[in-house]
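Colleague: Please build the complete structure, drawing on both the sequences and the hints.
2 protein chains.
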Amino acid sequence: MSRFATRACAYACSVVVAPIVVARAYSERETNSSTVEVENELAPRAAVSHDERSRTRWRYDWNPVNEEVKGGASKQPTRVVWLVRHGQAEPENGDVEDGARRLTSLGLEQSKRTALRLKMLIESGSVDGDFAGSTPSVMIHSSMTRARETADVIAESAFPHVRREVSHLIREGAPCRPEPDTWNQKEEVHQSESPRIEAGFRSIFHRAAADQRNRPSGEAAEPPSVVHEIFVCHGNVIRYSVLRALQLPPDAWLRIGLYNASITRVDVHPSGRVSLRSLGDAGHLPTEALTWN
Amino acid sequence: MSRFATRACAYACSVVVAPIVVARAYSERETNSSTVEVENELAPRAAVSHDERSRTRWRYDWNPVNEEVKGGASKQPTRVVWLVRHGQAEPENGDVEDGARRLTSLGLEQSKRTALRLKMLIESGSVDGDFAGSTPSVMIHSSMTRARETADVIAESAFPHVRREVSHLIREGAPCRPEPDTWNQKEEVHQSESPRIEAGFRSIFHRAAADQRNRPSGEAAEPPSVVHEIFVCHGNVIRYSVLRALQLPPDAWLRIGLYNASITRVDVHPSGRVSLRSLGDAGHLPTEALTWN
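Sequence lines, in order, name chains A and B.
So the first sequence is numbered by the numbering used here: it starts at 1 and just counts up by one.
So the second sequence is numbered by the numbering used here: it starts at 1 and just counts up by one.
Each hint should be verified, as a subset may be incorrect.
[Stated by the list, open to error] Straight-line Cα separation of at most 30 Å, DSSO-like style, residue types lysine-lysine; simulated pairs: (1) B:K112 - A:K119; (2) A:K119 - B:K119; (3) B:K112 - A:K112; (4) B:K119 - A:K112.
Hints were generated in silico from the structure; no laboratory data involved.
Modeller: Here's what the structure looks like:
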């Protein structure tokens, strides 16, 4: 077995037990009664392997830490990063440059519903009541038309006073060759676009700045425990960036699908820990409004 | 650097570019105008590294393939695996054994909303119109009270005629030591429970059986392209199983959080490809009904 294959296999095969027979017996069990109590006879003949080769290690030093964070991490806020995929866009068309494609009427409707959901999530503090009543400190959107139009709807419907920025780094593109490679993108496209998308990831994911505040200075005596930032961008950028943020293999990005106008939330703690709280959440859209492109 | 550290770093560091300066300039930009056009000057001085050490490899042989699948994979249905976390349960209490903890009234309400959402998702075919009108072929729930009660509500509210099974394999527990290890569970608990949860993963994730059908035989002339199965279980089991199914490092499971009564969808294709379509989707719950435990 080559060194490459050994490495790739390491975490896929990290847990080795014997109960395949159990799973098979399970699926073959047939009956006419409404509920079946399946007796799972489990004989773990081999212990789970917890040797070092099957383990990852979380890197706390994944982005530069300033002196204040080093000295007193607990005083820094947690960054709550909200990643919103743009609404449904017009289909690709040779006459329209990709970055100029506009939202459909369904895309506008999706964006409005997403705006209202986002407002409720951020204002209620969802399950983290300690930051109820928050507003986002910034909304950054990609410079592609479909992202800008989605951000326009979010601003108008939910956050008219939130500062906005435009970024070229988080435009759609080819982040890195996916594995398995069912996309078959040309290598030169990956080579030319992946540094930009990696830079986009770094612009989204970092610890809070030492002086980052959710409210205007002077308004709150206590520094906030959480700051919210919204990024409106694209499927490939979000999939790649979330995997990178979680320190998972980024070439797995195409194993994930994201609905249009879906909401992904990732918390970046001052300690350097990163936590995925939702991925591609679109439950706020009616099922007939669920689309992928 | 030890061999372990080198390995752990491999995918965390797989993409090496130079634009940290860009990200910093970006966050320091301040202005009073409503929308800021930030010029992202990107100078990718180092190309992205795509050498073999930064790549994973998808294993198509992750579960046994029967002869019919090998001979004609396209005739096999795709399994759509719906993983539902139980609703909110009573807090842990020394008087009640963990497996006997019951749903709260909010947990019952969450479960009902989740049942209706699941029914709409499955019946509409969501964005895969070719299987509109489907019903699940089975609902399997863990033998813990909170999962059984959630399944009871789902059956009553949405799928009264769907076959049900109970599994001990997908009860809550300690799947493998998480990294970073913020749980600090005793090693013997991991050692004793991880083979069972690994067996639970294998009972959930496998290719469709050669003769698996969504409707009673004889009713449909054409075999279905998709079969739906619902698993009602627990946060740790879902987090671990999804990572294993995606061939990602399973010890990353605690980097993910899942809301009570959330819906996770994973498609298992006859080719052996696996696709995550939603993770912990709880957008169908009002924000005041979002809970973690």
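Colleague: Each hint should be assessed against the structure and marked as holding or not.
Modeller: Verification of the hints:
1. B:K112 - A:K119: Holds - the C-alpha atoms of K119 of chain A and K112 of chain B are around 24 Å apart, at most 30 Å.
2. A:K119 - B:K119: Within the cut-off at roughly 27 Å; holds.
3. B:K112 - A:K112: 26 Å, holds
4. B:K119 - A:K112: 24 Å, holds
Checked against the numbered hints listed earlier, the structure breaks none of them; every hint is satisfied.
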